[in-house]
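Student: Residues per chain are reported as follows:
Number of protein chains: 2
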Amino acid sequence: MFQQLGLIGCGLMGGSFALALKRAGLVKRIVGYSKSPSTTERARQMGVIDVEAPSALLAVSGADIVLIAVPVASTEATFKSIKHLVTPGMLIMDVGSTKRDVIDAARRALREQVDCFVPAHPIAGKELSGVENADVDLYQGRQVVLTPIDRTNPVQLQQAVDVWSALGCRVVKMTPESHDAAFAAISHLPHLIAFALMNSISGQALGKDFLSLAGPGFRDFTRIAASEPALWRDVILSNREELLNQSRMFQRNLQSLELMITSGNSEALLEQIENASATRANWSMAKQQK
Amino acid sequence: MFQQLGLIGCGLMGGSFALALKRAGLVKRIVGYSKSPSTTERARQMGVIDVEAPSALLAVSGADIVLIAVPVASTEATFKSIKHLVTPGMLIMDVGSTKRDVIDAARRALREQVDCFVPAHPIAGKELSGVENADVDLYQGRQVVLTPIDRTNPVQLQQAVDVWSALGCRVVKMTPESHDAAFAAISHLPHLIAFALMNSISGQALGKDFLSLAGPGFRDFTRIAASEPALWRDVILSNREELLNQSRMFQRNLQSLELMITSGNSEALLEQIENASATRANWSMAKQQK
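These protein sequences, in sequence, are chains A and B.
Count the first sequence with our numbering and you get residues 944 to 1233, in order.
Count the second sequence with our numbering and you get residues 944 to 1233, in order.
Heads up, a few of these hints could be off.
[Said to hold, decoys possible] Subject to a maximum C-alpha distance of 30 Å in a straight line, what follows is the list of computed DSS-like cross-link-like pairs (lysine-lysine):
{"#": "1", "chain 1": "B", "residue 1": "Lys1069", "chain 2": "A", "residue 2": "Lys1151"}
{"#": "2", "chain 1": "B", "residue 1": "Lys1151", "chain 2": "A", "residue 2": "Lys1116"}
{"#": "3", "chain 1": "A", "residue 1": "Lys1026", "chain 2": "A", "residue 2": "Lys965"}
{"#": "4", "chain 1": "B", "residue 1": "Lys1116", "chain 2": "A", "residue 2": "Lys1151"}
{"#": "5", "chain 1": "B", "residue 1": "Lys1116", "chain 2": "B", "residue 2": "Lys1026"}
Calculated directly from the structure, the hints in this document are not laboratory data.
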């Protein structure tokens, strides 16, 4: 049981965490801060937070648990703004979809107090963002990846496991490097590919005619291309190293298929497609998420 | 009104056409042939066809409308097997998802009688194939692309327009080249990419762990990777030229995004993502299909 949650960023992710923590009876009081005062006010009116803080620093003051739920590009600035009120027993977590850059930012800003920080990535979301869409059940039944480092205090790490488990999450621990490679492969690269494909088609003279013929397969394949541009620009840049690595591996696979097509190697092509099809069908059955 | 449909291939596409043609009162009798005798028998038992033909040639005998609904790789063999009973007034159509190769096959096999042939691609389908899944409403409200050539007889072309319109389709006419480029861009390349991505991930040491973290975005993006391998091997090979061309354009776009990432050109990257996102959002609103 925590006394006070300092919530920095009262949007979809942060707001939903606050609602769920309160419902689980895990916190007495929630002090919230958002960059936009109207968001903070709206969060208080909705009962997502109890008290509005005028700054990130003051949201942390007196907290024993802190959640940083801001865009990845703002994480370092947030660490810097709170560092003077971080205390040794405090549990600090984030919700960012990249981890190496967040950890680097935490090391630079928090220095020896980085041991309070447990990097977290709850795999949950909605098409609609903002505190208006905060949902007490957002994390229920989802996975959360924790990527502790050598310096991470085992006490805070265990608290983090307990908190997310209490919210109904399946907790997975990985190294930050494996996490970033995984999400480059299963999320960031698919987005990059979808962006590139849309631009490739729309850049052709008959692109509009082509698009008018596209059906359900194309609809599902390109759905992620309509994601929020600024958010994805930030995610892509913050995970650039692993993303470029995954993109290179993908292109090698694509070019190997192209070679089979060019040479008319029907058997090898079939084998590769069978492998892809079986992997996908198998994944579909084994998946853990809703 | 036609006297007799010769149906070659009594699967999902052919069976659904037969059911719809009969319901529309456009044909008196349906003679069907499938490579597998048990399929032909099943089609007759289900009332999809009236009479079982022992060969493709005999299915065409006495027909005034012929639909070839076989895998693209079997199209040329089918043309060859029926050519001796093709008569001048006959309307012959296919349902293949590539057109240049089908037209080449028709020219080679039918010679001067290629003028009876109206290349057709109804944009409809289901995850489940086979005559068991034949659906009288499969074509209702969908688009059908006709790709006539110089030699195509205007009488048969108009009949083809009338038939598909009567089945509730929106008829679009295109050159075979534009058709193949369009489907390379919006369908065949997305499949090839999805295959390559699945193989790229599953080929990595931690691939299984990565996949266990994948969520709804990945699910939709890779859904088409689970498509039927042999069918897609054939489609890919039959449209290889346009597909490789589209793949090259896509890779140029991807590599241009990579360059922006490498150089940290955040503004250009955002602009490209915004363009992709807007194109996709716009398409979603303008789409004609169910």
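Student: Compare the structure with each hint and give your call.
Tutor: To see whether the hints hold, each was checked on the structure:
| no. | hint | verdict |
| --- | --- | --- |
| 1 | B:Lys1069 to A:Lys1151 | 25 Å, holds |
| 2 | B:Lys1151 to A:Lys1116 | 15 Å, holds |
| 3 | A:Lys1026 to A:Lys965 | 25 Å, holds |
| 4 | B:Lys1116 to A:Lys1151 | 15 Å, holds |
| 5 | B:Lys1116 to B:Lys1026 | 26 Å, holds |
When the structure is compared with the earlier hints, no violation turns up for any of them.
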